[in-house]
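Chemist: All chains, please: the whole structure from these sequences, using the hints.
Read in the numbering used here, the sequence shown has 695 at position 23, and its numbers run on one by one without any break.
Derived by calculation from the structure, the hints in this document are not laboratory data. Hints may contain errors.
What the hints assert, rightly or not - Below are the DSS-like pairs computed for lysine-lysine, each with C-alpha atoms no more than 25 Å apart in a straight line:
id: 1; residue 1: Lys-858; residue 2: Lys-834
id: 2; residue 1: Lys-712; residue 2: Lys-698
id: 3; residue 1: Lys-698; residue 2: Lys-860
id: 4; residue 1: Lys-858; residue 2: Lys-701
id: 5; residue 1: Lys-860; residue 2: Lys-822
id: 6; residue 1: Lys-860; residue 2: Lys-830
id: 7; residue 1: Lys-860; residue 2: Lys-715
id: 8; residue 1: Lys-858; residue 2: Lys-822
id: 9; residue 1: Lys-834; residue 2: Lys-822
id: 10; residue 1: Lys-858; residue 2: Lys-830
id: 11; residue 1: Lys-858; residue 2: Lys-698
id: 12; residue 1: Lys-712; residue 2: Lys-834
id: 13; residue 1: Lys-830; residue 2: Lys-712
id: 14; residue 1: Lys-701; residue 2: Lys-712
id: 15; residue 1: Lys-860; residue 2: Lys-701
id: 16; residue 1: Lys-715; residue 2: Lys-701
id: 17; residue 1: Lys-834; residue 2: Lys-715
id: 18; residue 1: Lys-715; residue 2: Lys-830
To be verified - Have a look at the derived ranges for each label pair, beta carbon to beta carbon:
id: 19; residue 1: Asp-857; residue 2: Arg-781; range: 17 to 25 Å
id: 20; residue 1: Arg-781; residue 2: Asn-732; range: 17 to 25 Å
id: 21; residue 1: Glu-833; residue 2: Lys-701; range: 26 to 34 Å
id: 22; residue 1: Ile-817; residue 2: Lys-712; range: 28 to 36 Å
id: 23; residue 1: Thr-864; residue 2: Asp-827; range: 15 to 23 Å
id: 24; residue 1: Leu-850; residue 2: Thr-731; range: 29 to 37 Å
Glycine is no exception: its CB is placed at the ideal position from the N, C-alpha and C atoms.
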Amino acid sequence: EDKTQFTLTAQNLVAEDPEYWKPRAKLAKALEDYALLHNKIMKSSRPRRIALSHSWGGTNNRVFPFLSAMVFGMMTGRAVLTDMEGVLSHSSNVQGHIYGHPGFNWELRDVPEYYSMFGKNEENAEQYRIEGQGGGSDSEPWKQIWPTEKMLCEDPAKAFEKEVVDIQANFWWAPMLLHNPHTADKMKALFTV
673 EDKTQFTLTA
683 QNLVAEDPEY
693 WKPRAKLAKA
703 LEDYALLHNK
713 IMKSSRPRRI
723 ALSHSWGGTN
733 NRVFPFLSAM
743 VFGMMTGRAV
753 LTDMEGVLSH
763 SSNVQGHIYG
773 HPGFNWELRD
783 VPEYYSMFGK
793 NEENAEQYRI
803 EGQGGGSDSE
813 PWKQIWPTEK
823 MLCEDPAKAF
833 EKEVVDIQAN
843 FWWAPMLLHN
853 PHTADKMKAL
863 FTV
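Modeler: Written as structure tokens, this is what we have:
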């Protein structure tokens, strides 16, 4: 059994300020459970179920897609990896404060076999790219555009069949999962206070 501790445990949050944190404890518990799942996936042999998150632009355009990928990982049972150095390079004043590893390592550079395929067309990876407001480069060859139908209509845990889902975005896209009939109830249960 993996004894990995999540930084903000549900019990600690409730103990600090019961009135404020009790309704939010279910999210902390979900993150604890996700940390265990992430570590289990990363310790297993390939093929693994991985979601790569790549973003560009300002701080919000980098952090929100990563948080969306975290939600996607929780909904689909995938370990999420990102190039956090790329996120931190834009906002070094927060480095180490909010980007610490919360019981699992999400740093893509620590996993060479996936870092080498990041942003490249690979046989075992599905790649998707979408841009919100501005940003991004049109010079890179992307295999597919945004998987709107898979995110809104299909069960995303089954719709993405390859080992790696490489999602490149620069905005908060997790709400799509709230409108998907396969993930809507789970999303509401997780985020409704």
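Chemist: Hint by hint, say whether it matches the structure.
Modeler: Hint check results:
no.: 1; hint: Lys-858 x Lys-834; in the structure: holds, 23 Å
no.: 2; hint: Lys-712 x Lys-698; in the structure: holds, 21 Å
no.: 3; hint: Lys-698 x Lys-860; in the structure: holds, 11 Å
no.: 4; hint: Lys-858 x Lys-701; in the structure: holds, 14 Å
no.: 5; hint: Lys-860 x Lys-822; in the structure: holds, 19 Å
no.: 6; hint: Lys-860 x Lys-830; in the structure: holds, 20 Å
no.: 7; hint: Lys-860 x Lys-715; in the structure: violated, 30 Å
no.: 8; hint: Lys-858 x Lys-822; in the structure: holds, 17 Å
no.: 9; hint: Lys-834 x Lys-822; in the structure: holds, 13 Å
no.: 10; hint: Lys-858 x Lys-830; in the structure: holds, 16 Å
no.: 11; hint: Lys-858 x Lys-698; in the structure: holds, 12 Å
no.: 12; hint: Lys-712 x Lys-834; in the structure: holds, 18 Å
no.: 13; hint: Lys-830 x Lys-712; in the structure: holds, 19 Å
no.: 14; hint: Lys-701 x Lys-712; in the structure: holds, 17 Å
no.: 15; hint: Lys-860 x Lys-701; in the structure: holds, 15 Å
no.: 16; hint: Lys-715 x Lys-701; in the structure: holds, 21 Å
no.: 17; hint: Lys-834 x Lys-715; in the structure: holds, 19 Å
no.: 18; hint: Lys-715 x Lys-830; in the structure: holds, 22 Å
no.: 19; hint: Asp-857 x Arg-781: 17 to 25 Å; in the structure: violated, 36 Å
no.: 20; hint: Arg-781 x Asn-732: 17 to 25 Å; in the structure: holds, 23 Å
no.: 21; hint: Glu-833 x Lys-701: 26 to 34 Å; in the structure: holds, 29 Å
no.: 22; hint: Ile-817 x Lys-712: 28 to 36 Å; in the structure: holds, 32 Å
no.: 23; hint: Thr-864 x Asp-827: 15 to 23 Å; in the structure: holds, 21 Å
no.: 24; hint: Leu-850 x Thr-731: 29 to 37 Å; in the structure: violated, 23 Å
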